[in-house]
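Chains as they are written, first to last, in the working numbering: chain A, 205 to 530; chain B, 10 to 98; chain C, 14 to 411.
Mixed in with the good hints there might be a few duds.
As the list claims (entries may be wrong) - Below, computed lysine-lysine pairings styled on BS3-like, alpha-carbon distance capped at 27 Å: (1) A:Lys455 / A:Lys395; (2) B:Lys89 / A:Lys455; (3) B:Lys44 / A:Lys238; (4) C:Lys322 / C:Lys303; (5) C:Lys389 / C:Lys322; (6) B:Lys89 / B:Lys44; (7) A:Lys238 / B:Lys89; (8) B:Lys13 / C:Lys389; (9) C:Lys389 / A:Lys318; (10) C:Lys209 / A:Lys319; (11) A:Lys319 / C:Lys56; (12) B:Lys66 / B:Lys47; (13) B:Lys47 / A:Lys228.
Just so you know, these hints were derived from the structure itself, not from any lab.
So you can see what is in the structure, the chains are spelled out below.
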Amino acid sequence: MTQTTPEAATPNAATAKAPAGKPKTLKEGYIPPKERLFAPGHRGCAGCAELLAARLVIEAAGPNTIIANNTGCLEVTTTPYPESSWGVPWIHSLFENAAAVASGIEAALIAQGKKEGINIIAQGGDGSTVDIGLGLISGMMERGHDILYVCYDNEAYMNTGVQRSGATPFCASTTTSPSGELSFGNMRPKKPMPEIMAAHGIPYSATASAAYPRDLQKKVKKALSIKGPKYLHVHVPCPTGWYAESADTIKIGRLAVETGLFPIYEIENGVVTNVMKPKKRPPVEDYLRTQNRFKHLFSKEGGAEVVKQIQAIADKNAQRLGLDSK
Amino acid sequence: MADKLNESAVTEPSSSPATKTGAWRSQRPVVDLDKCIKCYICIDLCPEGAISALPEKGGVQVDYDYCKGCGICASECPQKAYTMAPEEK
Amino acid sequence: MMPRKTVVEGSMAVAEAVRLCRPQVISAYPITPQTHIVEDLSKMVADGELRCEFVNTESEFAAASVVLGASAAGVRTYTATTSQGLFLMFEVLYNIAGSRLPINLTCANRAVSAPINIWNDQQDSVSLRDAGWLQLYCEDAQEIHDFQPIAFKVAEDPRVRLPIMTMMDGFVLTHTYEPVELMDQELVDSYLPAYKPVVKLDVAHPLTFGAFAQPNTYHEIRYMLNRAVMGAKPKIAAAFKEFNETFGRDYAPFMEEYRSEDADVLVLSLGSVCGTIKDAVDELRTEGQKVGLVKLRMHRPLPKAELRKALDRASVVAVVEKDISMGQEGIIATDVKSAFAGHDGPTVLSYVAGLGGRDVPVPDVKKVFKEAAAWKGRQAPDDPIWLGLNTGIIPEVQ
């Protein structure tokens, strides 16, 4: 790997007009890649919504942020030694312990009298969050640390090859819950993580999606303004693991929300608020047909019955959250 | 790799730009600035952060050093201002 | 500055020493027989005698992860555990060493499950010898008290940057009372200055910790870890020397030699059982037997040259230890044999003793010296010798 100065190499350097002041966000102007809070050059798949969401999160949180990150796609693609995409202090320890590592970071900052004005974020994928790391996140929430936990939910253990997790939706095909002669795929519903977190009595638990980037960033800022433990569950479609087109990543994410399969809402001090209500709620089939992980539902005998069951899940969410009401 | 390791094996921040992931591309987004309404949705949705605003509300620009050609910008632009063109060899 | 000589419970000797070292973050999970240590520290925090962040976690795995995060954020950290708790920390401990974080951990040595047993042996800490942690064993409450500032000082040395474990036998030392000369705060402060990390998580100077190292660098990074562990040896010696000068003690860093100068049969052992072995040596010496004890203090890094020097004079060395590598022999015995590989040396015997809190009384130790003498000039057996085995309750092989 040869080091070249990006400014000299990029076409932007030759053609870009210099902005007035130094831009703080990409919407203000070009920021040299090496000065970014989340730098390009990471090894994420083309169209990866998890890396998109991670960029949006840290850009919303700002430079006074320390991140503890679980093992997974996000960690592996952003930190192949000796490169790192992170422009903030960042630590990866093990697969499941970001919540505890973050708890230690918070304790250290408090011990040094340096906690004021510093955001601490613990983050990981759905596998490390709802499965192997659940106990540690629960401990962090119970102890009341001033930490935001962000879960990037692509609904399987993607980094290791698309194996099912507790967040894999009903009847999705994964490599350890494949559809087959005797199977419609993963026969279990998604673990209700935002509710489990809210049940700890934390002030803020919410869902968001990479398909709604401004809502996601607003929620990050809102969460970080609240003192205490916070939880943000972000839906991040994975074109690689869901067997879909990379260009459709955002469209798929939008359909997940609009159909009611991944509803967007907040739980503030135990009360559901700010439910995002779609103008029209499309049938789940519109969503399922965009991804080959549900392909078997449209080719296997009995598939139509399963689609009805998935519709029932969406309908139940709609009823619970009032998605269809004005 | 000529650079020596450091004793604690820590890495320098924002050093990933050394890898020009634009080389992965098989198609590239080309923006028609006349159609661009500066909604900046493409900037928000680029997983690489490869799109940024041009000064004086001039539109948007793509950093082809890092664009992987995923096509999200072209897919999501409300004005269909992007076309995905095959990458020249 | 009058030394405070007082009778304290072994656990309090540790807690008081840790308090004097001014840790900034402590995180722990309770497990017998470590509990009194963390209870004592909690009370000190509650009474304002120890100003630190004390994080009670939901498991040892979490406790180890909390001190990892705190250490990475640049503060002095401490934890304590034993047995199952140490094993639950297993992957975190390897991660801590690989991340070069100077965490201090006290292990209240206890047997491991299955079957479950809460009493003393050393299987737990010996099983972590490969991780890259520095490891020191203590014989009594004074040692475990004194070794705390030594541990922090060595670990935090910028040329070392390694985690360190100090061992005390569970119940035998944690729950008994001994006279201990407690260190003076001013002296501890002069010996152990504030921790200054080389690198840390800091928004003023962002860095990435825990990168993904591929085959082109992992091999070398692990080489550097081993190099650091080996390189800690002179730093440990220097830290002990400075401690002795500051506090008026007399510790030899790697091992203590007891009446071994002219010994023909030596026992090598670790931990509190060495007190019993010294009694046996004294009794046999009155009978004219040329026997002695080498008490191993530092197990990692393994002081091979020093072991050769201390043991070479004997014809037979019986390694008496409270652990075993199943399918092999006592782990310390294997290490001692490795120190002599390729060299001429004594016959080294492996004795497995005292598992699960089984008492090792003086008569048993005297038996070891007597039996060992019979192995002079002979090749050691492949299998270990089990001390004090009650064959009456063992069924025949099926």
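Q. Is the straight-line distance between the alpha-carbon of B:Lys47 and that of A:Lys228 27 Å or less?
A. Roughly 17 Å between the alpha carbons, so the hint for B:Lys47 and A:Lys228 holds.
(Q) Next pair to validate is C:Lys209 with A:Lys319; report whether the Cα-Cα distance is within 27 Å. (A) It holds: about 19 Å lies between the C-alpha atoms, which stays within 27 Å.
Q: Would you check the hint for B:Lys44 and A:Lys238, treating anything up to 27 Å between C-alpha atoms as holding?
A: violated (31 Å)
Q.
What's the verdict on B:Lys89 and A:Lys455, does the C-alpha distance respect the 27 Å limit or exceed it?
A. holds (15 Å)
Q. Would the pair B:Lys13 and C:Lys389 pass a check requiring their Cα atoms to be no farther apart than 27 Å?
A. It is violated: about 52 Å lies between the C-alpha atoms, which goes past 27 Å.
Q: Given the hint that C:Lys322 pairs with C:Lys303, test it: the Cα-Cα distance must not exceed 27 Å.
A: holds (17 Å)
Q.
Hinted pair, alpha-carbon criterion (27 Å max): C:Lys389, C:Lys322. Please report holds or violated.
A. Measuring from Cα to Cα gives roughly 19 Å; hence the hint holds.
Q) Within 27 Å, alpha carbon to alpha carbon, are B:Lys89 and B:Lys44? A) Holds, at roughly 8 Å.
Q | Holds or violated: B:Lys66 to B:Lys47, with C-alpha atoms at most 27 Å apart | A | holds (7 Å)
Q. Is A:Lys238 within 27 Å of B:Lys89, Cα to Cα?
A. Measuring from Cα to Cα gives roughly 31 Å; hence the hint is violated.
**Q.** 27 Å Cα cutoff - pair A:Lys455, A:Lys395
**A.** holds (24 Å)
Q. Taking 27 Å as the top limit, are the C-alpha atoms of C:Lys389 and A:Lys318 close enough?
A. With a Cα-Cα distance of about 64 Å, the restraint between C:Lys389 and A:Lys318 is violated, given a limit of 27 Å.
Figure legend: structure checked against the earlier numbered hints; hints not met, in rising order: 3, 7, 8, 9.
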